[in-house]
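Asker: Following the hints, put chain B in place on chain A, whose structure we already have.
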Amino acid sequence: MNLTRWYQLDTPLDPDAVQPRCQALQISLSHCADNTCSIELYDSFDWLLWQKNFLLLRLNDQVNLVQVPKTRLVYSEAVNWPKGDIGAADLPAGLGAEIASLIRPRVVFARLRVDWATSTFAVRDDEDKLIGHLLSHHFSCAGNQPDNSPLAPVYGVEPQPLKGYSTPIKRLRKALQPAKGHSGDSVKLVLAPWVERLFASGYRSKPQLQFTAATPVQQVLQRCISANLDCAQANIDGISRDRDPEFLHDYRVALRRTRALLSLLKEVYEPQFSLQVKRQLGELASRTNTLRDLDVWLLDSDSYRAMLPQELQPGFELLARALAKQRQASLRQVQKFLRDPETLQQLESIRRQFTNNDPSLHGRRAELSGTVVAAKAVRKHRGKIARLCAQASPDCADEHIHEIRIECKKLRYLTELFQPIANQDAWQALTGQLKALQDMLGRFNDLAVQQQFLSTTISALAGAKNLDPQASLAAGGLLSLLHQQHLAEKHRVLTALKDFHNQPNDAVVADLFPATATVP
Amino acid sequence: MGKTAAAVNFALTAAEDGNRVLLIDLDPQGASSFYFRVKPSSKLKAKLFLSEQEKLRQNIRASDYANLDILPANLSYRNFDVMFKQMSRSKHQLRKVLKSLKSDYDLLLLDCPPSISLLSENVFNAADLVLVPVIPTTLSERTLGQLWRFFKDNDYDTRKICPFLSMVNYRTRMHKDVSERLHKDYKRVLQGYIPLSAEIEKMGAQRAPIFAYARNHIAAKCYQMMWSELRNRIEAL
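For the record, the sequence lines run as chains A and B. The first sequence begins at 5 in this note's numbering and counts up one residue at a time. The second sequence begins at 15 in this note's numbering and counts up one residue at a time.
Just chain A, same shape as in the assembly:
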């Protein structure tokens, strides 16, 4: 990977136009060669490498891991990658280890393709002696732009003086470049700025909205739902191509968040309309439930494997293989569903209803300010959770704790939506508390779900005579371990729920939205 220093120009180098400047320096330029190549930039779907200040670049058959902003080549290796997605397990060993020390991607794929054209000019002095070369670079990018706006091409010149001729070549460079031109390598001048732009304006699993306390709540909700439905649509291709389980996760979260907000912010839209949308979105999400359960199971399979003794390992492998096979079948169903024009049309139709913003669909609370509605909704919902927490006991059913978890999720979506108009310190405190509680409830729920999932799956496989006895044995061992962990986790969960319940609801809401403290 060529990481030499070059100098940025405002326009492409035109040898005819610069001839007078060259003549003044008693220098001549003559065209030697043209060369083109493309650089492919790989990252995870959510730019994890970029967020850690790394770029994974493929130039021909060479893959390079480069640290930014001070360009540092960390790793370079010749690879024989096929075009397309690369699973973490398929990365070459050395590169895989380097990446694993930074992030834990499941898959990386080409996020950006840069075409790099270079014209080489021979530079000669007045004796017609070759004194160096001038490389004219032209970087362009076709496609992959987040907002359909092209990433503007970048031009530059790279002087390559021969030994003993740096002074005249430096004079030439100064004659070509404007006074305040940038200089640096290709990563600094092209790749990093472009990736930064893609990252900044690209996909976000959590919509980031800007509005004021006076903004009518309907406007806030409309923008949020539109962004969430965009997000759901953006993930469909990734699910269909089975690029990474996170695509399905984000798709489901986007639909769930939309449904939750329509439930919590009642009568911002017409109740019948809200109900219909929630039902449709519920259908679009529920068709992926099995696949998501299998994804979660397989993502955690390494930790399950580690829990089992050596003698149950062969059985576990058979079990894992059977579940992986089941996942493939489930994936095919989901792919079929998501590729069905009717499904896509349904999602698009819902999205259009929100983007068109038809006033006849607005509810009677549509024009209330966001801050008033937010305070009321948070108070009401947080109160509901506190009551559920108060009812939680060592004897309560898992379903009760699961319900608290669902309501906590909804409350988190609500508080995230109104972050721009909340007191930031109180917001941080509440979301921090909710996150900690949700993590705990999530662990508890995962343990319950995985036990249930495992026993249902085993029964089904056994019923279909598709299960090896060794696998049954491993499943039994695993169920027993999960059950023990589940019991231990319940004690911790109950303590946390008690703490949540003990905090006065009104005080929390008053801290969060101080301006509405007097609103009943």
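With a cut-off of at most 27 Å between alpha-carbon atoms, the simulated DSSO-like pairs for lysine-lysine come out as follows:
no., chain 1, residue 1, chain 2, residue 2
1, B, K99, B, K59
2, A, K167, B, K59
3, B, K216, A, K133
Over 12 Å on every C-beta distance to chain A, these chain B residues come out as not near it, computed from the model:
no., residue
4, L62
5, M101
6, K110
7, P127
8, A140
9, F164
10, I175
11, M188
12, E194
13, K198
14, K201
15, V203
16, E215
17, K216
18, R229
Computed list of chain A residues with no C-beta within reach of chain B, every gap over 10 Å:
no., residue
19, P16
20, R115
21, D119
22, G185
23, Y308
24, L322
25, R343
26, A390
These are calculated hints, taken from the structure and not from any lab test. Even glycine gets a Cβ: it sits at the ideal position worked out from N, Cα and C.
Answerer: Only chain B this time, still in chain A's reference frame:
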């Protein structure tokens, strides 16, 4: 005699053979530098050449060819003898200078002015091989004999002397006879020879080694063959 033409063409052949080569133009007339279109150094005066190793490096110029650099001449090099005289160990100064360049190059080729002087004696001390172009004529044969005796009389190693026949025209009886005699009298004369050729003379007009414009000419082939012979001799050192 074809000294400079030989130095320039051997330098390029050696570089094309994969060696990192520095051609040092010690002749104040700067003919080697001229052939490579390298302007004479205005800053690298004889005094700096001998005393400032960093300045010496800064004045090295890349040629138009890969692996081949040139250290251009300066008119003040005509004063080398005067300067050497004022120095202690006056015959070993060049060896000291060249030592600093050894690590950067595989081969240092010195294009020397024609005479037996203090500068020449510095070259005799510094060089592993002293290439002597000899036109197969009586006068050149006599000059080689003088050089041989000078080596003997001054305790220089005569095995360093590496004569080769230059500007040879075997259509003349004299060239044939003298060539035969030289091979008989001096065992270390290279077997190959450089013919008298108009293509070699064109180097001045072309300002380039013969390989740049007549790579397939017999004269160019002769330089290449002679380099192969020379390379064996260098490897045997």
